[in-house]
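Asker: Chains as they are written, first to last, in our numbering: chain A, 1 to 204; chain B, 1 to 495.
This list has only true hints and no planted wrong ones.
Taking lysine-lysine pairs in the DSBU-like style, the calculated list, with each CA pair at most 35 Å apart, reads:
#1 A:K186 to B:K214
#2 B:K216 to A:K157
#3 B:K37 to A:K157
#4 B:K383 to B:K321
#5 B:K54 to B:K216
#6 A:K157 to B:K214
Which residues of chain A face chain B? A few of them, derived with a C-beta cut under 7 Å, are:
#7 M60
#8 L80
#9 S99
#10 V139
#11 M145
Hints in this document: simulated from the structure, not taken from any laboratory. Beta carbons are placed, not taken as given, at the ideal position from N, Cα and C, and that holds for glycine.
One letter stands for each residue in the lines below.
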Amino acid sequence: METSPPTLAPPRDTDEPRYDPRHHPHRPEIYGFMAEFADVTTVVAAARKVRDAGFTQWDMHSPFPIHGIDKAMGAKPTILPWLVLAGGIFGFLAGLLLSWWTNAISYPYLISGKPIWSFAANIPVIFETTVLFAAFTAVFGMLIMNKLPLLYHPLFKHRRFRRATSDRFFIVIEAIDPLFSEDKTKALLESMKPTSIEEVLEED
Amino acid sequence: MSSIPHQPDLPTLNGEPDNTGDPVSARAPLVVGRGGKHDFTSVTETVCSIAERKTPRAWWIAFFIASPLAFAFVMQIGYLFTTGVGVWGNNQPVSWAFDIVNFVFWVGIGHAGTLISAILFLFRQNWRTSINRFAEAMTIFAVICAGTFPAIHVGRPWLAYWLAPYPNQMDMWPQFRSPLLWDVFAVGTYATVSLLFWYVGMIPDLATLRDRAKSKTRQIAYGILALGWNGSSRGWLRFEKAYLLLAALATPLVLSVHSVVSFDFATSQLPGWHTTIFPPYFVAGAVFGGFAMVIFLAIPARQFFGLKDFITLRHLDNMAKIMLATGAIVAYAYMIEFFTAWYSGHAFEQFAFMNRPLGPYAWAFWIMFFCNVVTPQLFWFKKLRNNLWVLMAVAFFVNVGMWFERFVIVVTSLHRDFLPSSWAMYVPTWVDIGMLIGSFGLFFTLFLLFCRFLPMVAMAEIKTVLPQAHAHPEDAREKPQGYASALPGDKGGSH
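One chain only, chain B, in its complex shape:
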């Protein structure tokens, strides 16, 4: 047991308890509010009441904005299927456009959820406990949006099952040397493992909702989802081990997914795509953009659902720092791409890169540059990191910038490749733009439903970071081992 005490009295910052400091004598608490008097009961109450009380008006307003857009997305997919991919602005040479831009964008968004749930767990970053649940939910919904686009862009989507390796009457098999097939396996595995990780982590909290349910419907629905979990300690030991193993598996998985997505481009011969920097550059960009989305969702969520005690200023501060770090990697990658193009001495490569900031799509490049390189620099200043409006604004800009990054990579590389006689411009149609907006509608609809019906914050995990979760040191004669501490070298201290 660590003897570092919890910080008793916190100063206030913008009217909220300020736990962003790092005092030497105490550990900054991860749960604030109620004068530092949160206990197991109040954590259960605060989180469960979100799913139990009457639907707030703000939720209905948001839902009535998002769900028609999701419906429009489905209708436009129907239009695409019945008419053909000609409803999009794709052409030769720009055969990949919004479809693949949106796919890469949404897969990237998902990465922050897995980073929080898996990598920060392995690094024993206990602050992740308040934000992991809804960040993981965000991952699932983003991957759903992402998976839609490659499935519908294939021209004859009713034959998409040909991608699966199954014995068939044509006596043919998928081509396992193709990066596009790698992508099917990578995204498929990522979606499956993310879903399992999310659901497994939610089982104990679903049991809490089951045990508090008043109506028969809720008892049955949560009862089925909770699988009969009864909080057995022997069960918890296996649960923690399974969770740790899933985190250890999800960590290389998340790094592999965007690497494989980048192989779709990097293994081609096209100037602007054919670079070895793509895998790390894509992964850093995914984490960068994903954290922007987490912040963008977390600030309204903590405001409207009363979660300020759990999603504290420290959490937002930490996320802003991660954005600053990954944003710096992204900015470095942008510069290195230009250096490599120049240093290669390859005329087509050099042209492709000069065409980005100076060609007909220069506006897209400069939007990307401003949003992804310039705006995150505000996060060097603590005052700005702790200002919720600045956080929201930068998160918004980075989301825009990351979408444009993929647009720049996909469209500007394709529209002017080798022969000037085959150059062409790409202009999106209303269906292109409608589907982009529609995918946001689908994403927010799913997220709102999640906020309304499922435990938004991992209650069981939050309880483990409360000071009361540990036996008094004088009674703990034996070295403790457990939850976040199934890892080697853990001191099992109180955080």
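If we strip away everything but chain A, and leave its shape as in the complex, we get:
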């Protein structure tokens, strides 16, 4: 009985195998196309075209944040500020309850004639816990939403991609995008004047 390899990508619009099955025990899945650009102006214009073509599963990689890329990509604003607000409120309540419960309920004692509980004397600690928890939320929220730490990514296998953290810009359209079609997507990327286009495989 013939078994077909497991596939995650939607069916492609061609039946021609990319890989000779005689040499490969199983067919590597295509992750997407990676187009390399040399300057900001070209890559921002390209990002607009990809956005206007209606792609959703794609990203741009750059060595630094580019002004206006969120608009050019049609990216939604992040909810991180609301999470940080929640983290701050949690920190405020934690500091308030901690100092109130320990000093006024669990272990009340008089010192220097100060009241057992007063908000003013406890503001410094409450302020610090507010900032601390808000900062934790900002950092770890950002890392989690960015799926970091990331141990493996198909792009890391490409030598060219190493310049994404130095001086090159990449647009990567993933194969799981409903609009992805090997020929048309490649043609679209080619029309954007990239310096190179590479096929990215899930594994090889």
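Keeping the supplied structure of chain A fixed, place chain B upon it in accordance with the hints.
Answerer: Chain B alone, transformed into the frame defined by chain A:
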């Protein structure tokens, strides 16, 4: 997009491109050198090569001076722990001396790093991009030195964990109304948030070092530290937002830290300490002293590591101006303290202040006054602000002056309080002086290691201030939004 062009040709000043001017027709560039031809590649090369090339001889020399001092610091802490706080010159009434002086001094040094990374970021001072990374590193290392002193001065340091609120068999809790406990929370939070801010900002640059690494060790080490960062734009958007939020959180935090440190003194009943001016006065002094340390580190660093194109004369000029402004606040605070003492009509308060310039520690007061009030006045003159030797000298004097300021506050207030029968002099022992020098050894050792192995300048941020970082205006039909411009009202212009 702003239409202000970058200034193409710069005059030279002391053999360096002079970008200190403010021409009306153009914006002064923040990256100079290479005939104005720095691009993304050359920025990566210049910064990464510091961590990649063979260790320079000057680094080894500095390291072999600093690291034995750091080792001596650790040994002296061991001596203190095994023998007791009697190895210090502290006595009654001077129960706080070098330990707390050093603590306040080092916490203050840290403040300039946070000011540069957070407050100047919120004010969209783009010149901060070249100096923020190592100023933040300076903050971390200064806070490490600072945190050591209160931890070791408690007499029984193995019980220092009692400061933490945790359920215990004694059924006791920390006393949250005490300024000393506020201090634990303030410095602890400050150290944690500074570390996070520094590390988060460094992740993209660590990824650059990872992607350039040739050896397996470096690939793995930088690979782990970079957390798999791949420069995704959707990732950058969240990164920038997180960075902005951290800056917004660090700003009130840094103001609170030295305020809380000053509460250690201000909430006591001691003449010379019990004043409401302390929080703003301490914060201004911290920024003043911190910038002196930044200048003191930046000038050799740009010289020896070839960073003159990024840490330009304009950066040093701006820092000198900040020192002039905060120095003026400090000088004003000194005068107001005397006025308040006189105006209070309080005999003990008046005595405490007259005892500073005229008492047995008058020499300390006058060193402080000369270093902090007189020397910064040189910065009124542009010629002197642009002279690296003058900058180094003033920065050195201000560091000395700020240490003596804390000495004056702590020791002269304590040594003659209310009853003349309980007055006493304080004389430091060799351990006191050795630990002060040792803490500098620790600070410089950590700083040298940072310079050698980590990205010393924020490459990703420098790239955003290059003209090439922006799409051509004719193509930018949409209003840009991004990095430094996640802030309201930004024109998204090129700087």
